[in-house]
Structure formats: structure tokens, C-alpha cells
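J.: Work out the full structure: start from the sequences and follow the hints.
For reference, the chains in residue letters:
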Amino acid sequence: MLPQSMTAQETIHPLWLRLTHWLNALAAGILATSGWRIYDASPLFGFRFPAGITLGGWLGGALQWHFAAMWLLAGNGLIYLLLNASSGRLLRKFFPLSARALYADLRAALHGRLTHADPRSYNSVQRTAYLFVMLDTTLLVLSGLVLWKSVQFPLLRELLGGYEAARRMHFFAMAGLACFLVVHLAMVALLPRTLAAMIRGR
Amino acid sequence: MNRLPPQVDADALVKEALKRLKQPARRLFLRNSLTLGGLSLLTGCSISDGKSAETALQKISLMNDRVQAWLFDPQRLAPTYPESMITRPFPFNAYYGEDKAPRVDAHAFRLEVSGLVADKHAWTLPELHALPQSDQITRHVCVEGWSAIGRWGGVPFSAFLRRVGADLSAKYVGFKCADDYYTSIDMPTALHPQTLLTLSYDGQILPIRYGFPLKLRMPTKLGYKNPKHVQAIFVCNTYPGGYWEDRGYNWFGGS
Chain A
5 MLPQSMTAQE TIHPLWLRLT HWLNALAAGI LATSGWRIYD ASPLFGFRFP AGITLGGWLG
65 GALQWHFAAM WLLAGNGLIY LLLNASSGRL LRKFFPLSAR ALYADLRAAL HGRLTHADPR
125 SYNSVQRTAY LFVMLDTTLL VLSGLVLWKS VQFPLLRELL GGYEAARRMH FFAMAGLACF
185 LVVHLAMVAL LPRTLAAMIR GR
Chain B
2 MNRLPPQVDA DALVKEALKR LKQPARRLFL RNSLTLGGLS LLTGCSISDG KSAETALQKI
62 SLMNDRVQAW LFDPQRLAPT YPESMITRPF PFNAYYGEDK APRVDAHAFR LEVSGLVADK
122 HAWTLPELHA LPQSDQITRH VCVEGWSAIG RWGGVPFSAF LRRVGADLSA KYVGFKCADD
182 YYTSIDMPTA LHPQTLLTLS YDGQILPIRY GFPLKLRMPT KLGYKNPKHV QAIFVCNTYP
242 GGYWEDRGYN WFGGS
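If you read the sequences in order, they're chains A and B.
For reference, each letter of the first sequence is one residue, going 5 to 206 in the numbering used here.
For reference, each letter of the second sequence is one residue, going 2 to 256 in the numbering used here.
Do not rely on the hints blindly, as some may be mistaken.
Which stretches of chain A does chain B cover? Using the computed rule of at least three CB atoms under 8 Å from a CB of chain B, they are [unchecked claim]:
#1 39-45
#2 66-78
Pair by pair, the computed Cβ-Cβ distance ranges are [claimed, not checked]:
#3 A/R111 - B/V68: 45 to 53 Å
#4 A/C183 - B/P133: 24 to 32 Å
#5 A/A193 - B/T239: 28 to 36 Å
#6 B/M64 - A/R206: 36 to 44 Å
#7 B/Q59 - A/L30: 15 to 23 Å
#8 A/L160 - B/M64: 17 to 25 Å
Derived lysine-lysine pairs resembling DSSO-like cross-links, with alpha carbons at most 30 Å apart [as the list claims (entries may be wrong)]:
#9 B/K177 - B/K60
#10 A/K153 - B/K121
#11 B/K172 - A/K153
To be clear, the hints were calculated from the coordinates, so they are not data collected in a lab.
Just so you know, even glycine gets a beta-carbon here, dropped at the ideal spot from N, CA and C.
T.: The structure is reproduced here in C-alpha cells:
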């Protein structure tokens, strides 16, 4: 076989990564839309999410979805982080990362000059974005734990600044994830082959 | 998926689903689940799939009860706060408006105690006030997400349960209220040192809006688990449910 075709057949995303990616997408989708319905029961800020984009139909239904999908997000997320770290993929794909390289790549991206020529390696903007999502989701889970069990996890509660602080943190971490998703989906729309790679692996 | 033609219109689907479901709580749950958001996940599936999603969610909620019971540390205290941090005014919350709060006659009031207890005599308010009292400033966390700090006083519930000779190995303590509210809790929470048979709010006789003459205050549980206007307490081993719990709220409702 020719070297080129071998490269074309090479797996970009291993199966475990694709599985955890899509399970995470499902969990995050359920958690965000049911979370909006829970938010609407007592809005923290001066707006509500339109009922039509929420899940659960009423507070009780939304809570059931939320407290079911949290297990999927936490379990799947833990498996992802463990496999990512133990396989060396985390270090290989996301590091090194420097502010200088990020600035250069960000400038290039805004000028439309940043290429995705090689789907196997991430540029600094991608590295930052994906690391942000890992940290942001971790914060979502931790602040969610404080909201769910503020009495039973005193250390975590105090670290996050108490119940009300955790509530705000949970909201802003969700907003951060939603912002990421907008950019993520826009990039996928621009480069559909990245979607194929996340489904077929190459 | 294969029992229905592929193109079913949503109205017919809901109508058919409602016909098949008899329990009002289930009906409420399903009907409310079928918003656009719910539909985006449930459409394409048959009615039985909608029902099985609901059943699966109920099962996970039961599993969450067990997880919470396991996480619950009977000695771990909820944080307490200085008087300056009390939320003023402390919000009113119920399944009805404030003007509908029941007016209980203090003189005629008798707290009924039944089930697995040795002493089933009904308590008058002066008798309850004569018991040793304690006080707490704790955070009330509502299932809706908001929280508020308040000050409650009354009889430690564990002392009351021991006083009436309750079977402390029983599973549940249930409550019936003057506003037709009802709920039930697990015995470990009933015996928690901060669980309080509350007679006062912020140093005053418990006002009507906060549950006159008697409420159960538990800083280790969400607001809807804290019954107001309590008239009857019973100790039992059969699951008594609750007003919101029967409509889909998680039973343990711990914090």
C-alpha cells in the first residue's frame, strides 16, 4: 500500500474517545436543557429561558432528567479524563501550550489564516478551547455537587465560597460551555470532515 | 418504535398517551414532558417509549434516594450563621398563595402522634412549649434553587421521638398538615441533631406564613421536605410518599 493511503486510513480519534465524546454531548445536552428549566423556576438574573428549548416540562420533570444525566456526565467524564491522561493523549495533543503561541494562532485565526491542514494535531486555539472545556465541565460537576449536597460536602462548599456562590458558578460555567459549543459547532460546520472523523475515527 | 406509523402527529400522540395513563401524577409528568424540548428527545419513539423514559427516570430517582441515604452523615451539621445574615423578609413559599395559608386555632390544636410509638396521646401547644427548646440560624435551600437564612426555635425532634417512645429502627416518619400538605422522611434525618419540631421563628411564635403552629425544620433537606402547619406525626415502615414526591420530586430531597 502507498504511504499516502496509509495516512488517510490512520485513526485520528480512537474508539474510546469517540464514544466518550458523544456520550458527553448527550449528557451535556440533557443537563443544559433541563438545567434551564430548573433555572426558570427561580431565575437568578432578569431573564428566563424560553420553555420551548427546555427539557422536562416542569420543575419536577426537569429535576429528574438533571439528576439522571449527572451520573452519565460524571461517569463518562471520569472515564474520558482517566483514559486521556493514562494513554498520554492529554500531554501529546494539548501540550505544550504557551500564551505566545495562543496569541499568534488567535491572530492568524481572526485573519482567516489559521489552517487545519493536519486534523491529527491541534493548534493553540483548539488546545486552549478543549482544555477550557475539560476544566469548565469539572467546575460544573463540582459546583453541581455543592448545590446537590451542600451539607454533606463541607470542604468543597467552603472552597467554592458557599451555596449561593456555587449557584452562580454553576450558571456561569454552563454559559461558558454554551459559548464553547457555539464556536465548536461553527467550526464543525466550516470543516465537516472533522465531524466525519469524530464518527468514523478518521 | 415499530408499533406506530412513522408519521404520528404530536396531538394524537399526546391524546393517546393520556388515554393510556391512569395515574394523575404520571399523566401530569408525561403531559408536561411533552414540550418542544421534551419532544426533541422523545419524538420518533412510540408512546411506550415515552412511558419507559418516565419509568427509567423514576427508577434513577429511587437510586438517588439510596445514594443520598448512603451519603448522609447523621452527625454532620449544616452550617450556622450569625443573626446579621438572616434574610429579611424571609420568603413565603407554598403550593398556594400567602392569603390561603391555613389558620389553625391554637386552643383547639392537638398534635396527633401515631404508628410505631408507645405514647399516642395528642399534644397541646403548651405541652410542646414546656419541653426543652433549642434554636438555630441555618440556610433553607429551595428545590427551585434559591436559598434564604432564617432562625427557627423549638423542640429537637430526636428528643421528641424518644419522649413518645417511637420505634427508632422504623424506616419512616410521616407528617400530615392543616394545608393538606403531607410528606415523609427517613429515620436517620429525623434523629439528626438539627432536625427541629419548630414552634418559633426569629424569637416570635411561628407566624401563619411560616407554618403556625408547628413545622418541622431540617437544614439537611430541601424546603419541600420541611412541612408546615403539622397536625399529625406517624412512625411507620411502609412508604408514605408526599405531596410533591408523589408528583415526581425526589423523595430523599437531602442537602
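J.: Please flag the earlier hints that this structure goes against, numbers listed from lowest up.
T.: 4, 5 and 10
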